[in-house]
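The chain contents come next:
4 protein chains.
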Amino acid sequence: MTFALDADALNAFLQDDFWQVKDTLIIEEVTDEGVIVRLKPTEEHLRPGATVSGPTMFMLADCAVYFAILSRIGMKPLTVTTNASIDYMRKPAANADLLCHVRLLKIGRVLAVGDCLIYSDGKSEPVATARMTYSIPPE
Amino acid sequence: MTFALDADALNAFLQDDFWQVKDTLIIEEVTDEGVIVRLKPTEEHLRPGATVSGPTMFMLADCAVYFAILSRIGMKPLTVTTNASIDYMRKPAANADLLCHVRLLKIGRVLAVGDCLIYSDGKSEPVATARMTYSIPPE
Amino acid sequence: MTFALDADALNAFLQDDFWQVKDTLIIEEVTDEGVIVRLKPTEEHLRPGATVSGPTMFMLADCAVYFAILSRIGMKPLTVTTNASIDYMRKPAANADLLCHVRLLKIGRVLAVGDCLIYSDGKSEPVATARMTYSIPPE
Amino acid sequence: MTFALDADALNAFLQDDFWQVKDTLIIEEVTDEGVIVRLKPTEEHLRPGATVSGPTMFMLADCAVYFAILSRIGMKPLTVTTNASIDYMRKPAANADLLCHVRLLKIGRVLAVGDCLIYSDGKSEPVATARMTYSIPPE
Numbered sequence: 001m002t003f004a005l006d007a008d009a010l011n012a013f014l015q016d017d018f019w020q021v022k023d024t025l026i027i028e029e030v031t032d033e034g035v036i037v038r039l040k041p042t043e044e045h046l047r048p049g050a051t052v053s054g055p056t057m058f059m060l061a062d063c064a065v066y067f068a069i070l071s072r073i074g075m076k077p078l079t080v081t082t083n084a085s086i087d088y089m090r091k092p093a094a095n096a097d098l099l100c101h102v103r104l105l106k107i108g109r110v111l112a113v114g115d116c117l118i119y120s121d122g123k124s125e126p127v128a129t130a131r132m133t134y135s136i137p138p139e
Numbered sequence: 001m002t003f004a005l006d007a008d009a010l011n012a013f014l015q016d017d018f019w020q021v022k023d024t025l026i027i028e029e030v031t032d033e034g035v036i037v038r039l040k041p042t043e044e045h046l047r048p049g050a051t052v053s054g055p056t057m058f059m060l061a062d063c064a065v066y067f068a069i070l071s072r073i074g075m076k077p078l079t080v081t082t083n084a085s086i087d088y089m090r091k092p093a094a095n096a097d098l099l100c101h102v103r104l105l106k107i108g109r110v111l112a113v114g115d116c117l118i119y120s121d122g123k124s125e126p127v128a129t130a131r132m133t134y135s136i137p138p139e
Numbered sequence: 001m002t003f004a005l006d007a008d009a010l011n012a013f014l015q016d017d018f019w020q021v022k023d024t025l026i027i028e029e030v031t032d033e034g035v036i037v038r039l040k041p042t043e044e045h046l047r048p049g050a051t052v053s054g055p056t057m058f059m060l061a062d063c064a065v066y067f068a069i070l071s072r073i074g075m076k077p078l079t080v081t082t083n084a085s086i087d088y089m090r091k092p093a094a095n096a097d098l099l100c101h102v103r104l105l106k107i108g109r110v111l112a113v114g115d116c117l118i119y120s121d122g123k124s125e126p127v128a129t130a131r132m133t134y135s136i137p138p139e
Numbered sequence: 001m002t003f004a005l006d007a008d009a010l011n012a013f014l015q016d017d018f019w020q021v022k023d024t025l026i027i028e029e030v031t032d033e034g035v036i037v038r039l040k041p042t043e044e045h046l047r048p049g050a051t052v053s054g055p056t057m058f059m060l061a062d063c064a065v066y067f068a069i070l071s072r073i074g075m076k077p078l079t080v081t082t083n084a085s086i087d088y089m090r091k092p093a094a095n096a097d098l099l100c101h102v103r104l105l106k107i108g109r110v111l112a113v114g115d116c117l118i119y120s121d122g123k124s125e126p127v128a129t130a131r132m133t134y135s136i137p138p139e
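Protein chains in written order, with UniProt numbering: chain A, 1 to 139; chain B, 1 to 139; chain C, 1 to 139; chain D, 1 to 139.
For the record, the hints were derived by calculation from the structure and aren't laboratory data. Heads up, a few of these hints could be off.
Because identical chains share one entry, a pair is satisfied inside a single copy or across any pair of copies.
As the list claims (entries may be wrong) - When the alpha-carbon atoms are kept at most 20 Å apart in a straight line, the in silico SDA-like pairs for lysine to any residue are as follows:
| hint | residue 1 | residue 2 |
| --- | --- | --- |
| 1 | 106 | 125 |
| 2 | 40 | 117 |
| 3 | 40 | 4 |
| 4 | 91 | 109 |
| 5 | 91 | 110 |
| 6 | 123 | 73 |
| 7 | 76 | 96 |
| 8 | 76 | 95 |
| 9 | 106 | 31 |
| 10 | 76 | 18 |
| 11 | 123 | 107 |
| 12 | 76 | 13 |
| 13 | 76 | 104 |
Between the sequences and the hints, there should be enough to build the whole structure, so can you do that?
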């Protein structure tokens, strides 16, 4: 399977255009299903107990599905989230990276849908799951 | 209507325990419906065009519903989000604060539900709407 | 405020084109906010204890937001649901009609968003709340 | 992997207690991930064009995740849906059964979460995806 953008291209885009999260997120791999993105939390992402906050997990899911879509449709940065839902299921492990595994479900002409499972690095049970819809700008 | 915690008490809690957002969020008013919370965006919350990012709106909604619940049940900081959904409907105004109007729909023994509308300050059409469920810890 | 379709027009459309629910749903009123729809449950909509089932409440919310959108945009029956979420908050009253109060939040060129609160007739606390997105077909 | 209830036990429960859908739904298989449920649509489930309606797909998802949870926790019929979301992604095939593949994500003491993909029988791209939370009654 070939992709419009690979992990190197997505990481370069992240470094250039997402200065707020450029030291936090890494696109690990573009996969047949979607993409895998790592979050390396810093102080600002943590809650008491050194676990990652809920809004940080949401940001991870939102960015990861976005990168998964771009890996298929190419550089259309004006693709925007229209709807998102998230379930927090378990407390993340303390002082651990998070890994977000995205699965693309639809890449339409106008709308794209993907979901993801978020894991504490090294654990097998997901801490959260999210599903997002994006609006793709017309050509 | 009397509340377990008023705006002053919630703002004091915010200053003490939410250092990441203490200069960003202000509880404007505890209302009969829920609460109104203001977001004063800083550089890190903005996207190109000086509009507030999607994850920042999610964080605002999540915090605002949390404060609304605490205004009713008192200081139970271990109340945690279990489910959240958000729809992004319009682009926020550039360089404007956001106001999040929360409406509490249920305060149960175990679960609480609230929704909110987010407005650019001075505008009448909402930019986003969200709904959250929180799990309330046992006594 | 004038509407593209009023309650009489919507009820006539319901009678003609929605035979499955034509004896179950009544558009009570088109309002400035959206619409109010009544569900008169029959045996098939009830769970043990004579309360309305969850999927029936979902159907009510889905139809009610659809009628609210048509009241604004006119007879575009190919408008379809793309996303929906629902929270069940309280057990409905036994042997009572349900009333669904819809609030339209956005009528865009391509997407429309509305939410609703569902009440047991005569009660003041909502039994459920839902939010729906619809895709509007091009002209 | 052994289960608290297998497909035969769940189908027997369906026949006895879900008269509204007993000729419509079949638990095909309890799996390591969750369960697979078939919907055999009848006239009342169809929209013009002989495709299954949105609320029918919601009902399928809701029942299927419920059966998946019971396959793990045993006969606790008072387990109830608290939150659900669904995305409709493609038009179902005309005159085709639907298959709902459930994946359980969490079976907690109080809350259970599962998601599902719904396919037209014989097709490889999902027509819809849903995620549900259930409240498990105390012992």
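- Task: Just pull the numbers of the violated hints for me, sorted ascending.
- Result: 3, 6, 7, 8
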